[in-house]
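Residue numbers (our numbering), protein chains in the order written: chain S, 483 to 820; chain W, 26 to 360; chain P, 14 to 297.
Hints are computed from structural coordinates only; laboratory data are not their basis.
Note that the structure is a prediction, hence the values are computed from the model and not measured.
Heads up, the beta-carbon is just placed ideally off N, CA and C, and yes, glycines get one too.
Errors might be hidden in some of the hints.
As the list claims (entries may be wrong) - If the Cβ cut is set under 7 Å, some of the chain S residues that face chain W in the computed set are:
#1 PRO711
#2 ALA722
#3 PRO809
Unchecked claim - Listed next, the stretches of chain W that the computed footprint assigns to chain S, with coverage defined by at least 3 CB atoms under 8 Å from CB atoms of chain S:
#4 107–117
#5 122–130
What the hints assert, rightly or not - Simulated crosslink set (SDA-like; lysine to any residue; CA at most 25 Å straight-line):
#6 P:LYS276 <-> W:ASP229
#7 P:LYS253 <-> W:HIS183
#8 P:LYS276 <-> W:GLN303
#9 P:LYS48 <-> W:LEU185
#10 S:LYS532 <-> S:SER521
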Amino acid sequence: MKLSTASKMWPSMKYLERRVIHAILLLIGASVLSFLFSSLAPGSFFDEMKLNPQISSDTIAALRSQYGLDQPLPVRYVRWVKSVLRGEWGYSFAYNQPVRSLLMVRARNTLLLTTLAMALAWLIAVPVGVWVSSRRGRWDDQLASASTSLLLSVPELVLALGLLYLVIRTHTLPVGGMVSARFDRLGSWGQVSDLAAHLIVPVTALVLASLPILVRHVRASMIEVLQAPFIQAARGHGIARARLLFRYALPAAANPLISLFGLSVAGLLSGSLLVEVITGWPGLGPLLLEACFSRDIYVVIGVVMASTLFMIFGSLLADIMLVVADPRVRTDHASDRA
Amino acid sequence: MPSTCASPLLRVRGLTVSYDAHSQQPVPALRKIDLDIAPGEVVGILGESGSGKSTLALSILGLLPESAKAEGSIFLEGEDLSRTPESRWAEVRGAKVAMIFQEPGLSLSPVMRAGDQISEVIRAHRSGKSKQRKKEVQSALKDAGITDVNRICRAYPHQLSGGELHRVAIAQALVCRPALVIADEPTRSLDVTLQSEIQNALRDINRKYGSALLFITHNPALLAGFADRVLVMYAGRIVEAGPVAQVYRRPLHPYTRGLLQLVPEPLQHSDHISGFAQRERLPAIPGSPTRFDQLGGGCSFEPRCSARTADCHIESPEEIVPEPDRRVSCFNYGN
Amino acid sequence: MGIETAATRALQPALMRVRGLSKRYVQRTPFSRNKFAIDALVDVNFEITPGCLTALVGESGSGKSTLASCLAMMEKPDCGEIWFEGKEISHWSHRKLAPLRPKIQMVFQDSAGALDPRFSAAQIIEEPLEIQHRERGQQLRARACELMVEVGLSPDWANRSPLQLSGGQRQRLAIARAIALTPSLLILDESLSGLDLSTQAQILNLLLDLKATHSLTCLLISHDLSLVGQVADFTAVMHKGRIAEHGSTSQVLRSPQHPQTRKLLASVHVLESSFRTARAGGRA
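Starting from the given sequences, assemble the full structure and let the hints guide the process.
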């Protein structure tokens, strides 16, 4: 359709349709940018081979043209888009397979880690935050503040390393990787417990890293709501303390927390890179790092696109949750001039 | 002594409240308040901003901030509220004494439906099935004057008009049939046309359920034909008290007189209003309500008083009973 | 003021006049295509006589604030004419309107929200003077203190934050800020609602004084007819976006034509006349 008709129709399109179009445009933009930037980086995959005197430069040139690396950028982009539409998402030079199958396995591993960590972090942060907000200034609030400050000031890297050190010294848990070498020979319960044992260190590191921010936000949002007149009015009607906190205050404090939740979801694929690399968890993190170093550009672009996808999904989820949770947003009218 | 009936519903003696009690400068909010309310009585508190009327209401409900210090006694149905532990307060509030706050738009949770909020009050005081609660909620809303009960129950506060919000607040207060309802400026943010309706709703409840009503306002006209007795407050003290008709016909305290003069004087034609006496200047009471940090040893109203004499600056007048049923704190009352 | 002076004033050319003013708001719910329209103003014809106090009365939602916004040039009407000082300004651009803005000032209902709490009282008054380059340096503070005295605030409070002032004092401050630029028209949008009776009376007296000393034209918007009916020269009653009735106050109140006017009159809070006569007798 013509651009002018499209722009006239814009306000009357349903909200969700608009978001989908937004998302597609965003994905296209992200792909173009990541293409550009990765091509700007000097060198290509085959540069490593140049160092090897046994491989002639002709072979290298032939390889390059075989993989289409000698084509101009727009052509490479179009070929990549076609590959995406075919379901391959590009081709990995290092692993010699389509990016998709590579990504799926690694993404699954990452999601296992991050979803678990996120769920745990939120499940701990919300009750703790609510509790300390009602005990403002007292000893448990001050203890919580001190602990969160301490955790915040320790970099994620150090946390993960510290945990690893602890585990190594005490020989309690397996170190590194996702499963043991004898995984396939274990029974189903054995497999689950093996996986769980490997999960403990990275999950703990991630939870400890994200917990302080969550607790602080929950606390701050709750404190603000607890000062609102309707809380005092509810107290004046005899509503009990626990109910006041969880049924009255928390839902009203939820808005900024929902946005934060959206951010958490958005970072599910990208937030665990450091921890994965350090603990040897076979997720997207190590893959991305490897691919960057070896200029396996289609893998890099694939990972970036997957992260972008999650980011879009996370923000859409937050918006939907906001509409569901806050009746004011639901019926609040964005006023237009006719 | 205040006029006592045999067994008053609420008996307040010597109530003195200061805010920021532990800081360098505690702020006195109430000074030696004595007050009785009989069961089923409608008592009006007439006072402007800074008179301590809201503090009085909060004291009866035990909602003063932690930094406030309260002395004196408050007896509700024979129970000494000043010695009540927090656990008991949750049973008293809402069930024996309930409050209608000043701005219902702000005193209702924005993310809960109106019906649920009323239901929560029932749930806090009685166990029972949700169906039963729903019926009680609907009957409370009807008592408060709502006709399309279902819509209001399902609506969120921001979807309701000012008048509807006020009625929801009334329903919340009366749903557990408290013996005393305190209404703190319940009509302040409303259009004039709605104010009478809300007042009528309150009066209907008082008549139907026999709950005593403590109606706090700054406008004397709202109490005429509505309250049985009036207590005039200024700077934390009760400066005059008595039956409404008598006080309005013959106010003894200069402040009461000043307030009554401010009510617009209508020009009558047949039996409806045909205008208001045009004035070159309104008879405003000079000065602003006395700030707490300016209270000296003398009468707190003295700087603004038209009837002041030399004594008024030095000493604070004690309460006297010039006639049965009337109290006044003024050296020059009636002049 | 007397009927004669009101009549002479009414013969003068109107300070501000609107003809056929209409404004409609369209709102849309998210996640749906439904739209619904609110007609805030419908074919409004209205005049403001210079040097007089005009009252605009109506219930919530009758369109008073929308009319005030259009008069103060804060919003553009959908159609209709606005005449100010003999010029039709409804279609003027922002730049063209800029020199006119100091002439029409507005005071709002929520004084605490309208005054920046980070500024001191004097700074709040100085701000418009500074922006419009009326004064500078020492003169700025001197003029601010002058204005504070004029509205009844003590100049010792020059450094106080508005949050430390009472509601009535804040409204005085807002009025001081509004008259700093010597406007031709002062619009008060429900500025007296929510104030105590004696504070309302004091602020009204202040407006009457300003009218007497500066010939300030005031438009007083309220939902309380009894309040403004005592001091206004002209009264207009609004109902559902239209002007229901308009004329001199005594006339409108003595013989109200529109049912809305009658409804507003019937709901005012007054004391029974028996109280008043008894009091007058008792005092003698």
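Unsatisfied constraints (hint numbers, rising): none
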